[in-house]
Structure formats: structure tokens, C-alpha cells
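Residue numbers (the numbering used here), protein chains in the order written: chain A, 1 to 278; chain B, 279 to 556; chain C, 557 to 834; chain D, 835 to 1112.
You may find that some hints are simply not true.
Claimed, not checked - Lysine to any residue pairs mimicking SDA-like chemistry, simulated, CA-CA at most 25 angstroms apart:
| no. | chain 1 | residue 1 | chain 2 | residue 2 |
| --- | --- | --- | --- | --- |
| 1 | A | Lys104 | A | His91 |
| 2 | B | Lys382 | C | Arg802 |
| 3 | A | Lys104 | D | Trp853 |
| 4 | B | Lys382 | C | Met723 |
| 5 | D | Lys938 | A | His119 |
| 6 | D | Lys938 | A | Asp242 |
| 7 | D | Lys938 | A | Asp239 |
| 8 | C | Lys660 | B | Phe330 |
| 9 | A | Lys104 | D | His953 |
| 10 | B | Lys382 | C | Lys660 |
| 11 | C | Lys660 | B | Phe406 |
To be clear, the hints were calculated from the coordinates, so they are not data collected in a lab.
Protein chains: 4
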Amino acid sequence: MLLLSCPDQPGIVATVAEWVWRHGGNIVDAEQHTDHTDGVFFQRVEFELDGFAHGRDGLAEAFAPVAERFGMQVDVHFSDERPRTAVLASHAPHCLTDVLARAKAGELPADVVLVASNHPDHRELAGFFGVPFHHLPVGDDPAAQEAALDALLVAEQVDLVVLARYMRILSPGFVAARPHRIINIHHSFLPAFVGAQPYRQAHERGVKVIGATAHYVTAELDQGPIIDQDVARVTHRDDVDDLTRRGRDLEVVVLARALRAHLEHRVLPWGNRTVVFS
Amino acid sequence: MLLLSCPDQPGIVATVAEWVWRHGGNIVDAEQHTDHTDGVFFQRVEFELDGFAHGRDGLAEAFAPVAERFGMQVDVHFSDERPRTAVLASHAPHCLTDVLARAKAGELPADVVLVASNHPDHRELAGFFGVPFHHLPVGDDPAAQEAALDALLVAEQVDLVVLARYMRILSPGFVAARPHRIINIHHSFLPAFVGAQPYRQAHERGVKVIGATAHYVTAELDQGPIIDQDVARVTHRDDVDDLTRRGRDLEVVVLARALRAHLEHRVLPWGNRTVVFS
Amino acid sequence: MLLLSCPDQPGIVATVAEWVWRHGGNIVDAEQHTDHTDGVFFQRVEFELDGFAHGRDGLAEAFAPVAERFGMQVDVHFSDERPRTAVLASHAPHCLTDVLARAKAGELPADVVLVASNHPDHRELAGFFGVPFHHLPVGDDPAAQEAALDALLVAEQVDLVVLARYMRILSPGFVAARPHRIINIHHSFLPAFVGAQPYRQAHERGVKVIGATAHYVTAELDQGPIIDQDVARVTHRDDVDDLTRRGRDLEVVVLARALRAHLEHRVLPWGNRTVVFS
Amino acid sequence: MLLLSCPDQPGIVATVAEWVWRHGGNIVDAEQHTDHTDGVFFQRVEFELDGFAHGRDGLAEAFAPVAERFGMQVDVHFSDERPRTAVLASHAPHCLTDVLARAKAGELPADVVLVASNHPDHRELAGFFGVPFHHLPVGDDPAAQEAALDALLVAEQVDLVVLARYMRILSPGFVAARPHRIINIHHSFLPAFVGAQPYRQAHERGVKVIGATAHYVTAELDQGPIIDQDVARVTHRDDVDDLTRRGRDLEVVVLARALRAHLEHRVLPWGNRTVVFS
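Using the sequences and the hints given, assemble the complete structure.
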């Protein structure tokens, strides 16, 4: 499929549709969006390759003249791609368990190739799901730990990093090497309660809803493009532990929805926002 | 814009896009859906007419060859259309008030040309919004009342009938004359609690959520294609009056969303279901 | 009914229940909450006065020994109280219309005695609901306008001020004179998007949920105790106008729920939080 | 704690509070509800036993005179009770996994003593959580299978049976032996879509929300008292598989909330409804 973005101008839809058709493809799904504020056009075009004139490798090249004409940014994906995915966690097991269980159930088109943690807790859990576990303790040298993590991800050719309640802050360099390839679940409805202990902050502010936010990680903490969010109503009866417990149910679902949207190539980041096709 | 449905087959998207482009239109929005169970393709294509080769009247005719080739059902709409709309109500004012207020605020692309009721209650309200009010009492002869209503709608060239908590059942003949042109708000999450007093039924069943459903009216009571639904959580503390009061807030919002979707030509009925584009 | 708060300690519930019973009252509802973090006990006790030993005026005095023993803050209310309520609005009519319609429908136990605005827009609307309208233009002298408003509220013996999208900031002195007697609806899920143009802020941050917050007004802008909040999911398709339109439906419902809770004496503020009994 | 229900009459609250206090208990939480339709009073009174005049065994007996005076049905529970719980499942693992994970995480005050299934699928899963697994195949003789299940539950002194997507219908006799001690999760917002394949029914009806319902099992299929429900919005894009997948996230959360309410003794069934204290 093709994911496009370019300055909005007449003729894009027709040109793309005609190009696919002329090269023997059949469009099975297409969704588009025009951001009128910024004058940007976005499109996701999914088509069948049976009888297509080009092999996978030639597709991007064949489309290049169209892309050039409209000044498009283009991503090409294939629906049988299964990104090599690393799941990072700290103490809390719920998001890690959920991602592993969904991957095993066939709900996520990804290959989870490793679990890594700054704690040894989840070795048995990863083992149950047949995924190698790597304990990367922080000790006295956080930079060395991140370097070890970086080396591991490179060695394992990891395409996507999922921060399943991984409580370490990643350095700008680590993040910059993986643009739109690190997804984090933050336990508040951002931009409220950035940073540490959001449920404690929520309790102190006396909010009546709590939330969770899945977003791409950028250099600035908790400021990356939001992929999905959801919330739950709470009351004065919920103390910090209750908020934490209830928030877990939000976190797993929001992270799973965001992961699924990313893996189905339905997310197009644009600056600090995202277009998420349905 | 064009609303299409036809048997799913290769080439539809490209052909339609190419047709619009070749006749001088520019597609500003397009959304499609394929029902794989029934093998049916749906599409909504919105394009600008500046520089288009055909006048409004000629558009459908010019498109006819494409429609014929793919066996399409086609509806042509223009974004400046404002259907002549009648709002029917009984005693309860909330949905009527809400529709009139939204129409006045410019939120609904429709001209509300009349309010009709089997009770005299809402004359002052309609007057405040500058809409003619018709009192059509039922008395001893329900059939005569419906005939008077029918004559009124015909005389006023009404395109769309909104049942804003109108508590009379319409005859199959009345309904059949207005396919997909009568929208009702039912005060339950259908198919639960069909028929009379759904909040009483809900209380007796002890449900923990109540709902509201906006749907096209068909000959079979509360069985027409659903356009929108929503729900709210309730507790054992809510008696029938509480459910009724809380349900009102659902009813106005669900009816408004459904009306807006219909008026923006985003709803394609298919059998007893609907495709509602976003 | 009695609204109590005091340091948590054994025997409160039994003492209060016994006191009501011994003086001839019958408890029809009682709800309590203990904030274990701060060690504070809250209770709302609703009882029937048929056969009660004290008149309304004597009730607080008769209860004083119990209050003193436990160090209680006590509010006494009667279910037939109808606070004299002023609704303040600026240009946007939706919250004002909704409050007036609910008051008229008997849904809110309050007497709306005036509508005031810094604009002349809502004279006709207030008139339709039979409520006096006061136009208080700001002109060159904001302090004078607030002084006029203050004088009006004093003259009309207003108990409760509802800011139904009133876009003027009130001075600390004005607010301090009415503790927990000014309720505002803010068009974001606070603490996100404090201040002006929250829907524009929300669009720029690219959030996937928007919200509304009803809170008591304190001297610090948008920082007062939250009474109720709610949210709605949005997508990349929603521009600032769409967020504004969709937010309106949240604002009316959240404000109405908060007003109702306040008027039913179910809200106990505590520092910057609230206990809201069900 | 005491769970009471009785005909509504003056003096109950004061009498109970005074009784607890006089016997040396301290009420830490109390919630009550009066069903005005049926004239029934419900109360949950939680109190500390430090310094209480009676041992656990003597508590019910000591309270008997109060119960008799008001015609109360009384249940006595202790907060350190951990019911012996059996989880029954068929093929689908998601509810079973979730219950076992929550129990292990300390989120549910229950001892899961066995997992039983009509299929062999979940042996490894139960083993991971350290819970004995029993495979009870149906074969040619459903009655014999149910008898084996019944014997197992009796032998293991099971207090609570959780049907975590167990797809066998239980006989009236089996159910009658365990009143309000079998909790089922049904994958629709009952009373809509009773019986088999509710997601298929939902798709055919074209609903825009799907739901899940946790309820006590009674002899009549899917008709027992509802403990909790929740829903999610769906669109025309969701086919039966999508509804099934999305419904799973509802099912686990609704079942967990209902279980937790039951285990915290916050659920009082009344006829076919429930009072669920907060």
C-alpha cells in the first residue's frame, strides 16, 4: 500500500488511482484527508498486487515520477510485513503481558523478537510466550545501559520499539535514530500530567476522569505525536492506588489500539499530530 | 457529490476518479467501504464543480455510462442543498428544542419549514424560532390525522421528516412514500426495548446502561436501519424518572449526530444496515 | 439535610444517626466518605423532618454539641430550598439556553432570577424563558462593569452564579465574596489547556479526546475544585470549528450535571478537590 | 461487614449504627439505598472489629434481634475472606487469562483453586499461573460431564464459579444449587442478543454499539440479575471478526469489574436486579 502526503493541489486522487489501475493493481481501500489549515493532503491507498506490473522492489521506483510531480512523501508497505518488534518494560507487567498475549493470539501483525527490561522480573513471563528475555540493569551507568539496549536492538534488527510502561527516559540520540518507530504508553490524558507519577498528580488535582495516551516518542518528554487516547470516569472514592489499578485497564487497551493502527499502516504523523485512518 | 453502491469488482475507484478528473472536477474527499460478506462496494466522492464540464442537471446524465457499466446505484447531491425539513413532536420538548436551536445556529444544513404535533404544546417554542406550527389533533380518527399530516408534508414539499419524540406510529403506506426520508429517535439502545416505555422496560430489567438510537423509519416498528446510537451508565439509584431525564441528554445528541450525518450525505443505507462515512 | 466534614475518628456515624433518631427524624439517605490520605471524614445525611423536635431555625443550634465534639464543619440544607441563581453568558448561547430550558422543565431545583451578559445578544432568549435580562457592557472600564455586576447580584440577593460560557475573568475580590457559589464551565478537560482558546490548543496538540470541566471558581484561573468532567473522542478530521461544535454538546451536559449535584447538596469541596455523593 | 435488606421503615439506619457502636465496632463505611417502587431498604455497613464484643462466629447471632425486629435478610462477611473460586472456560483464553492475571497481581480478593474446561486448551496457561487444570470433555453425555463438574466443585469446596466464556449451558439444578454464586460474562449488552453468536446478531442488525454484560446465572438463559455492563462504539467497517476482537476488550473489563464488586460484597441482588454499592 502507499502512504502519501504532499501539498494539497488538484488532481492527486485521480492521478494516483489511474496510476495504480494502469499498472494492473486494484484499489481495495483508499482513505484521504486534507488538512485545510496547513494545506496538506494525506492518503492511504491499499491495492492488490495480483497482476501488478512491478515486483515489490520496483514499486517505489515506478511510482517515483508521480511522487516527484506532486512533491509527495511516500511510504510503501506490504500487508504481509511483520516488523521485528522489541517490547521494553520495567516492573509493571500488565502492558507487557497484554502485548505478548495479543501477538500470540494473532491480533497484531508483528513478530515480537525480544523483551528487554531494566529489571529481571519478566523472564518467566517472556518465556511462557516463547520470547527471549534480556535483563539490562541500569546500575551506576545509565548511559552504558542505554548503549547496551541500543546494541541489542541493532543486533536483532528491530524495526519497532514498544515502551510497555518502560520507566527509563531515552536519550535524544537514541530516539532520533528511530523516528516514528518508538511507541510509548503514558498513563495520563496528555498534555495533562506530563512526567512522573501522573496518577498521583491526577489525585491531587481532583480530576473526575483519568486517561492514557499512546504516542510516538520524540526527544521532548511526553510531547510526541499522539496516536490514541482514552479515559475513564473516577470519583472521590478512588485513591492513588485505585487510579493506578483502573488506569491499567485503559493503558493496555490504548496501547493495543495504537500498536494495531501503526502496524496496519494507518498512522501518518504530521509535525506533532497524527492522521489515523480508520 | 456522488454516493455510489454496486457489486464489488476491480477498477471502480480508478474509473470514478478518472471520470471526475476528465470532466474538470477536483476530488476534495473520497471515502469507500467494501462489505466483504455481501460483496458490495460503497463510495462517497465529493468534488468541486469549478471548471466542471457539466451543469448540475447534466451531471447524473453524464455519469450514467459509468453507473451502467458497474451496475451502480447513484445519488447525486450538492453541498449547498438544504432539504425542506419537518420536525414532528408530541409532548416532550427536548429533541424539538434542540433541533430548532441547532438549525438556527447554522449547525444543520437544512431548512426547517414546519413543526407539527398531535398536541398544541409547542406553538410558542416554534414561534420563538420563527417556524410555522401545525396542530394536528388525533381525536377519534387516527387515520384522518395521518392523512392531514401527509397532505401537509406534500403541500409544503417536505424532503425530510424528523420524528423528535413523536409518539404516534406511522402507517406502512405513509412510511413507504418516504424511503430513508424519515428519521426517528428511539429512547433505547435498539434492538433492546422495542416499543412503548423503554425506560420502564430498562428499569425492570435492571440494566446498567441506557441508550438512544436514531434510525430510518421502515414499516416494521423500531426495526429500520440504525444511523447512530449512544449509551450512558446508570445505577440502581436511577428510577424510571431518572432514566427518562438522563436519557433525554442522550436522545438530543444522538438525533443531532444522525441528522447531521444524513444532511451531509454521509449515510448510505444497505438493507437493514447503514454505512456512515466519517 | 446535614453536610459534615471533620477529622476522622471512631463513633461519628453512630452518633449522628442516633442524634437524628432521638430528635424524631428519619434518615432517608446517608452517604459517607473517608479520605484516608488526609484523615478526613465526610457525610451527607438526608432525613425527614415530619415529627422532628426542632424547627428549621433550631436545627443547627440543636446539632451544635455534636458538631463541637467532633470538630465538624456543618452545612444545613432543606430539600425545598431554591437558590436564587444568576446565569452569566457572553456570545455563545448554548449553555445559557440549556440551563434556562432545564430550569423551566423543572429539572433544576433553583430559581433563575436573572441573566446578565457583557453583550446584548441574549435579551430575546431570556425573555422567552421569562427571565429578566441585564446588559452590562464592558467598554473602557472593566472594573466598573464588574462593580455593576456585583451590585446587581447583591441587589437581587443572588445565592449562586453560573458562568455559562461567560468569557470575562472575575477579580479575586469578586470571587472571594462568593466561596463555592460560582460555578464555571471550562471547555477543556482541565488541567489540560488552561486559559484562552482551549479548542485551538487541543487542535495544535493533536489530542484524540476533548473535554469539558465544571468547577467552582477560585482566585486562580481554571484551578478551582472540579465538580464534573467529561470527554468525547475526536479525530484528525476535526478542525478547530468541529472541536468547538462537538465540545458544545459536552459543555451543556457537564454543566448541567454539576449544577444538579450542587443544587442537590451532593458536593462537598475539600481544599482543591470535591467529594460528590451519588 | 453487614449486608442488609428489609422492608423500608423508619429507624433502621439509627438502630444499626447504634448496635455496631454499642458492641464496640467502628463504622468505616456505610452505604444505603431505598427502592421506592418496591419499598425495600438496602444497606452495606462495614466496620472494624478491633475491640468488638463478639467473635466472628457470634456476630450473626448477636445481630439476630435487630434483624428480626425489621424483618431483615442479613449477610455477614469479613474483609479477609477469600472465596474458593473456580474459573470455567471453553476455547477462548482472554477472560480466563485476565482473571488469573488479576488474581495473581492481588487485584481480586479470591483464591482461584481450579480451572476447568470442556476442552484441553488451557492446561499450560493454568500451569503458568500455578492453578490446577481439569479437562472435562463433553463427549456423548453432557449430563455426565455436568455431573463431573458438579462433583469437582463440591470436592474442592468451591464458593464461587466464574464462567469466563464457558460456552456450555448449565442445567437448572446445577444453577439452583449455587444461587448468586455463578457469574457469567455474556458478549452483548443484554437484553439485546440473548443466546448464541451475539456478535453475529449484532452485525446483522447493524448496531453502532456493542456491549458485554456480567450477570448472575439463573435457570433462564441470559436473564439473571445484571451486575455490570459496558459498551464500545463500532462502525460499518467492523465485520463479525472485528466485533469479536473488539468485544474481547469489553468482556475482560466488565467481568473483572463485576467480580471485584461481588468479592468486595458490594452487590445485593434483589429479584432480577442488583444494587451495586460504590
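Hint check:
For the given pair, lysine 104 of chain A sits about 22 angstroms from histidine 91 of chain A by alpha-carbon distance, which is consistent with the 25 angstroms threshold. A C-alpha spacing of about 16 angstroms is found between lysine 382 of chain B and arginine 802 of chain C, which places the hinted pair at or below 25 angstroms, so the restraint holds. A C-alpha spacing of about 56 angstroms is found between lysine 104 of chain A and tryptophan 853 of chain D, which places the hinted pair above 25 angstroms, so the restraint is violated. Between lysine 382 of chain B and methionine 723 of chain C the alpha-carbon distance is near 22 angstroms, which keeps this suggested pair within the 25 angstroms criterion.
Our distance criterion of 25 angstroms between C-alpha atoms is met by lysine 938 of chain D and histidine 119 of chain A, whose separation comes to about 19 angstroms. Using a Cα cut-off of 25 angstroms, the hinted pair lysine 938 of chain D and aspartate 242 of chain A holds, with the two alpha carbons roughly 17 angstroms apart. With a CA separation close to 22 angstroms, the supplied pair lysine 938 of chain D and aspartate 239 of chain A stays within the 25 angstroms bound. Annotation: proposed proximity of lysine 660 of chain C to phenylalanine 330 of chain B is violated, straight-line Cα distance about 52 angstroms (limit 25 angstroms).
This hinted pair checks out: lysine 104 of chain A and histidine 953 of chain D have alpha carbons roughly 19 angstroms apart, not beyond 25 angstroms. For a cut-off of 25 angstroms, the pair hint linking lysine 382 of chain B to lysine 660 of chain C stands: about 21 angstroms separates their Cα positions. The straight-line distance between the Cα atoms of lysine 660 of chain C and phenylalanine 406 of chain B is roughly 15 angstroms, inside the 25 angstroms bound, and the hint therefore holds.
The structure fails to meet hints 3 and 8 from the earlier list, while all remaining hints are met.
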